[in-house]
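Colleague: Starting from the given sequences, assemble the full structure and let the hints guide the process.
Residue numbers (this note's numbering), protein chains in the order written: chain A, 3 to 199; chain B, 538 to 901.
Honestly, the hints are just simulated from the structure, not real lab data. Among these hints, one or two may not hold up.
[To be verified] In silico SDA-like cross-links for lysine to any residue, where the CA-CA straight-line distance does not exceed 20 Å:
hint : chain 1 : residue 1 : chain 2 : residue 2
1    : A       : K59       : B       : N667
2    : B       : K584      : A       : K59
3    : A       : K59       : B       : K861
4    : B       : K861      : A       : S125
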Amino acid sequence: MALVDDLGKALDRSPGGSIILTSVDAILDWSRGKSLWTMPMGTACCAMELIAASFSKFDFDRHGTIPRPDPRHTDVMVVAGTITHKMAPAVKLLYAQMPEPKWVIAMGNCAISGGIFYYDTYSVVRGVDEFLPVDVYIAGCPPRPEALQDAIFQLRKKVAGESIASGRERKVEYLLPRPEDPRKGDLAAEAEDGEDR
Amino acid sequence: MSEELVVNIGPAHPSTHGVCRVIVTLDGEVVRHSEVVIGHLHRGIEKMAENRTYLQIVPLTDRLDYVGSMYANWAYCRAVERLAGIRVPERAEYIRVIVCELQRIASHMMSVGPAGADTGATSVFMYTFNQREQVVDLFEQLCGARLTYNYVRPGGVSMDTPVGWADNVRAFCRTHPAAMAEVDRLLFGNVIARQRMKGIGVLSAPDAVAWGASGPVARGSGVSWDLRRDSAYSIYPRLDFDVPVGSNGDCYDRARVRLWECIESCHIIEQALDQMEPGPVMAEAVPRLLAPPPGEAYDHIESARGSLGVYLVSDGTPRPYRMKVRSPAFCNLALLPKLAEGHTLSDLIVILGSLDPVFGEVDR
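Modeller: Now the structure itself:
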């Protein structure tokens, strides 16, 4: 991404360059937002609704959202279901394998906070935002497929504000304060350490 | 014998039907040894149950077998009713049978469809998922939830059927066998699917018994064992139905048995709807804070995956002392290393799919 970053900065500095920059940004954000391919990280109950969302009745394909099981092909990771401490390193590794730019949707109460498995249990990670930067949260146990499709629309709004020049992103107003970005240090290196699942 | 290669499948692999990790030792493409690593979805439901009241545990059982939540609800409620000596009204028993047979269809659709997807025919999954969606719609009319129903409660069911629901169920049961005939032609009539499934992962009848297999996995091997008939619980003795049994014990027979069971389920539902009378759906005087007398109870039902049992120990307090779930998916999954040996890696995926594990229930 280094070359693209420099290009963005150079355009931003050069006279008249910002017209090109904003045009490139508009095209890039439009194309990215309209083809958000998902990495279906379905682990539990929510995975059933994740499958339902892409089948004929709800038909995710019409929004340009296609589930791809290969992390290298995807833009957005949908974490659907309970993440246990045993599963977390695998999720981290898959997130690290996704190419930038990438986003995360936390689908269902388990992925948000542990949900019904918050209390009295010893094996469940209390929300996927403990180790991944989540962009959209969908409440529900499990959420309906329509809710997942709405999450993609919400994410599109966020994607529309991105820019190839750092510092030029449009600020998105959030209803609730965002949790702190859990990425401390290099996530990829961290995932490598977690190899011994 | 060439050099052995160790390949790791999972835990996040689209073909493992959940979060299962399989460590496979390959000789060329042939599986020499495979080891299933489970526990990636271990949420400690059995331990959590010790800190919940009897009524609060019902939503937890929803999340055990999330493809067939009604079964876990029912198995748990039967154990509680046995422990506390609650008599369930007749109409509630009929509703339970109807929803569980509908659930069997919904659950088998999630097994037959992926059997097609595993063998390279993704379109079959579309057809079966359409059927599943229709069942899910019926459940949504019944209790408002698409997946985690929390419908069967100790003492009966949470609410009576809405007006017109029975007609919708009848309409579904009329169309479903024809849809199954279509799937039968599409998947089991397809020469590629037949060659990918016939003779793959053969389980003999004595082995099925010795390994504790149950449900369609055992019946596909010719073991005619169905708790609905052989340990007749609830109102099943009043209903007339066949138990489909396979003969070869391969992936083909296991998948086909599931398909036939769906059609039998339609017959059961139609009979139950005919026999059902109006009446209460909840036993009288079931307290909110149920405190059964000290003792223990085990009860099992025939779930879509086999014999699902719940064992409860009470010490007289409103919380169970211990809950143990006898999971058929766990017992069936144990067969994978045995069945996959000598087959190719791509066949291992088909065998895993034919065992139909649900990892919420395997790991609990």
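Colleague: Could you run down the list of hints and mark each one as holding or not?
Modeller: Against the structure, the hints come out as follows:
1. K59/A x N667/B: Holds, at about 7 Å.
2. K584/B x K59/A: violated (38 Å)
3. K59/A x K861/B: Given pair K59/A, K861/B is violated - Cα atoms ~38 Å apart, limit 20 Å.
4. K861/B x S125/A: holds (18 Å)
Taken one by one, the earlier hints fail for this structure at numbers 2 and 3, listed in ascending order.
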